[in-house]
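K.L.:
Sequence:
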Amino acid sequence: MSEVKKRKKRNRFRVVVTLFFIILALSAALAGALLYLRSQKPTADPKKSRFSLQSITVTGNNHYDDEAIIAESGLTVGQNILSVNKAAAAKKLADSFAYIDTVKVTAPTFNTVSIDITETAPCGAMYADGHWLVVGNNNKILELLPVTGDTPGRYFYLRGATAAGEVKLGAAAMDDRSLRITKTVKTAIDTYKAEGILGVDMRDRNNIALNWKNTLTVTLGNESNLDAEIAMLVKVLPQILERNGGSVAGRLDLSSYSDDTESNDRIVYTPQDVLENP
Numbered sequence: 203m204s205e206v207k208k209r210k211k212r213n214r215f216r217v218v219v220t221l222f223f224i225i226l227a228l229s230a231a232l233a234g235a236l237l238y239l240r241s242q243k244p245t246a247d248p249k250k251s252r253f254s255l256q257s258i259t260v261t262g263n264n265h266y267d268d269e270a271i272i273a274e275s276g277l278t279v280g281q282n283i284l285s286v287n288k289a290a291a292a293k294k295l296a297d298s299f300a301y302i303d304t305v306k307v308t309a310p311t312f313n314t315v316s317i318d319i320t321e322t323a324p325c326g327a328m329y330a331d332g333h334w335l336v337v338g339n340n341n342k343i344l345e346l347l348p349v350t351g352d353t354p355g356r357y358f359y360l361r362g363a364t365a366a367g368e369v370k371l372g373a374a375a376m377d378d379r380s381l382r383i384t385k386t387v388k389t390a391i392d393t394y395k396a397e398g399i400l401g402v403d404m405r406d407r408n409n410i411a412l413n414w415k416n417t418l419t420v421t422l423g424n425e426s427n428l429d430a431e432i433a434m435l436v437k438v439l440p441q442i443l444e445r446n447g448g449s450v451a452g453r454l455d456l457s458s459y460s461d462d463t464e465s466n467d468r469i470v471y472t473p474q475d476v477l478e479n480p
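So the mapping is simple: my numbering equals the position in the sequence shown, first residue as 1, plus 202.
Calculated directly from the structure, the hints in this document are not laboratory data.
Where hints are given, some of them may not hold.
Between beta-carbon pairs, the in silico distance windows are [unchecked claim]:
#1 G447 to T320: 43 to 49 Å
#2 N424 to L284: 54 to 60 Å
#3 G447 to D377: 41 to 47 Å
#4 G332 to T308: 19 to 25 Å
#5 T350 to S298: 24 to 30 Å
#6 N424 to G262: 35 to 41 Å
#7 R468 to G332: 40 to 46 Å
#8 L443 to A374: 35 to 41 Å
#9 T350 to R252: 55 to 61 Å
#10 A373 to A309: 27 to 33 Å
#11 E368 to G262: 24 to 30 Å
#12 A296 to G332: 24 to 30 Å
#13 R445 to T308: 56 to 62 Å
In this text, a Cβ means the ideal position worked out from N, Cα and C, and glycines have one as well.
Start from the sequences and build out the full structure, keeping to the hints where you can.
P.N.:
Here it is, written out as structure tokens:
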């Protein structure tokens, strides 16, 4: 082989090697650039997806953690907004939390949900199944409290109320008749602004009584005329207090008002010492 041919062959080899290293360098640079760009690309946030639920708010809740309400609803931030079942979430919350009277789950905007709660207030407490049952205005069992005394502490005592059935949180507390008596008494107390009444005793449904400041038992008879009897109590009690030096203890009998015969309507106050020593 001539010297000229050998030189040409060596030159071609050098060109090929040079091109190889150039291509290798360019490939490495391109790979590096791609890796850099990938590392700089923000991670997709499911919360920012156009069809994802971005926020859940709770209003009207005073007894439970908002986080517990949201968790029990089954709704989660980031889920597809089209999969949100507002009616099912509302029902689940109403069934799970005794103090919830009504609950509405709404979507104020496309990507947000609001859980709007109205709570019931306690109307009193009754005894059943070894517990004090805190009863709501909606007749739900709101709490089960241990029995540590003869009365349920700060709650209006629904003495002698009959349980509606199984004793558990959220279940109906009183049977229909007990509930009817309770509503009538509580409504009359509010209407006539009767102060100092700590409870109603309905153990004998023909001789319903009120406890006034743990000193005076007000007997009302049956449930036929409770509203008028409580109205009369508010009218005559100040007079009885005035005649007895500002304090009374014993029994105030309004039971004659339990029928429609006005001719036998009478009010009888019997002091405690007379009751104890007739």
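K.L.:
Would you say the C-beta atoms of E368 and G262 sit inside 24 to 30 Å of each other?
P.N.:
For G262 against E368, whose Cβ atoms are near 28 Å apart, the range 24 to 30 Å holds.
K.L.:
May I ask you to test the hint 27 to 33 Å on the CB atoms belonging to A373 and A309?
P.N.:
With Cβ atoms ~31 Å apart, the hint holds.
K.L.:
Does the Cβ distance between T350 and S298 fall inside 24 to 30 Å?
P.N.:
This hint holds: roughly 28 Å between Cβ atoms.
K.L.:
Does 56 to 62 Å hold as the CB distance between R445 and T308, or does it fail?
P.N.:
holds (59 Å)
K.L.:
Range first: 43 to 49 Å. Now tell me if the beta carbons of G447 and T320 are that far apart.
P.N.:
holds (46 Å)
K.L.:
Is it true that the C-beta distance of T350 to R252 lies inside 55 to 61 Å, as the hint says?
P.N.:
Holds: the Cβ-Cβ distance is about 57 Å, inside 55 to 61 Å.
K.L.:
Is it true that N424 and G262 lie within 35 to 41 Å of each other by Cβ?
P.N.:
Holds, since N424 and G262 (Cβ atoms, about 39 Å apart) stay within the stated range.
K.L.:
Does the beta carbon distance between L443 and A374 stay inside 35 to 41 Å, or does it fall outside?
P.N.:
For A374 against L443, whose Cβ atoms are near 39 Å apart, the range 35 to 41 Å holds.
K.L.:
Is it true that G332 and T308 lie within 19 to 25 Å of each other by Cβ?
P.N.:
violated (41 Å)
K.L.:
Starting from the range 54 to 60 Å, see whether the pair N424 and L284 falls in it by beta-carbon distance.
P.N.:
holds (58 Å)
K.L.:
Tell me if the beta carbons of G447 and D377 are separated by a distance inside 41 to 47 Å.
P.N.:
holds (42 Å)
K.L.:
Using the beta carbons of R468 and G332, state whether their distance is inside 40 to 46 Å or not.
P.N.:
holds (41 Å)
In this structure, only the earlier hint numbered 4 is contradicted, and the remaining ones agree with it.
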